[in-house]
Amino acid sequence: DVKVTQSSRYLVKRTGEKVFLECVQDMDHENMFWYRQDPGLGLRLIYFSYDVKMKEKGDIPEGYSVSREKKERFSLILESASTNQTSMYLCASSLFRPMNTEAFFGQGTRLTVV
Amino acid sequence: AQKITQTQPGMFVQEKEAVTLDCTYDTSDQSYGLFWYKQPSSGEMIFLIYQGSYDEQNATEGRYSLNFQKARKSANLVISASQLGDSAMYFCAMREGGTGANSKLTFGKGITLSVRP
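Those protein sequence lines, which keep their order, are chains A and B.
For the first sequence, the working numbering begins at 1 and goes up steadily by one.
For the second sequence, the working numbering begins at 1001 and goes up steadily by one.
Keep in mind that the hints were calculated from the coordinates and are not lab data.
One should not assume that every hint holds.
No more than 20 Å apart at the CA atoms, straight line, and that leaves these computed lysine to aspartate or glutamate pairs for EDC-like [what the hints assert, rightly or not]:
1. A/Lys55 / B/Glu1096
2. A/Lys57 / B/Asp1026
3. B/Lys1003 / A/Asp38
4. B/Lys1104 / A/Asp28
5. A/Lys53 / A/Glu30
6. B/Lys1104 / A/Glu30
7. A/Lys13 / A/Glu79
8. B/Lys1003 / A/Glu56
9. A/Lys3 / B/Glu1044
10. A/Lys3 / A/Asp28
11. A/Lys71 / A/Asp1
12. B/Lys1104 / A/Asp59
13. B/Lys1104 / A/Asp51
14. B/Lys1104 / A/Glu72
15. A/Lys3 / A/Glu30
16. B/Lys1016 / B/Asp1086
17. B/Lys1070 / B/Asp1022
18. A/Lys57 / B/Glu1096
19. B/Lys1003 / A/Asp59
20. A/Lys70 / A/Asp51
21. B/Lys1104 / A/Glu56
22. B/Lys1104 / A/Glu62
23. A/Lys57 / B/Asp1029
24. B/Lys1070 / B/Asp1029
25. A/Lys71 / A/Glu22
Whenever a hint applies, use it, and build me the whole structure from the sequences.
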């Protein structure tokens, strides 16, 4: 059974804290993605990675960074958490080829910054 | 500019009837793929159907079909014989081709579908 696992289901952090969200996949996928989901805004891509140590900015990278030191693990880092980063964070992974393979999602991390 | 546009705020359908969920997209790539996902209230993301830009036939998967109109850049999802369990948020997504650096997966804002008994 394919799996994308996010380290936490719920997180509460204080403003200014450095926050790490971890994502691990066991499918040997090249691509990994971080999205945030907010009501009325859908899923917005923060960063994605298509290979180890490779990363590309998505549509809303400001305030975030990522790390991919191993193929199976993709970390999202909030350098200094702010209240406007309160959101649901979704990690996903997919094969690079063929094009028609779907992305698999983790269960999501609901982050609250107080 | 938005890559994926889903403008229907919310849709209602009677059980056993068909419903169409709209999606338009914007890309200059010749090679791209379009996906639909379902997100029930539990929050999981469930893949439904895929359409490739070079596919000549509209994709079908059980009760789901995709009305692909390439010239109009639209990829509408059709759900036939709606069931109560179809009540969920539906997302259209696009993956553009090219190099690894370009192979991101972009989603629309989603459409809420409610099936009435």
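**Request:** Could you work out which earlier hints the structure fails to respect and list their numbers in ascending sequence?
**Result:** Those not satisfied: there are none.
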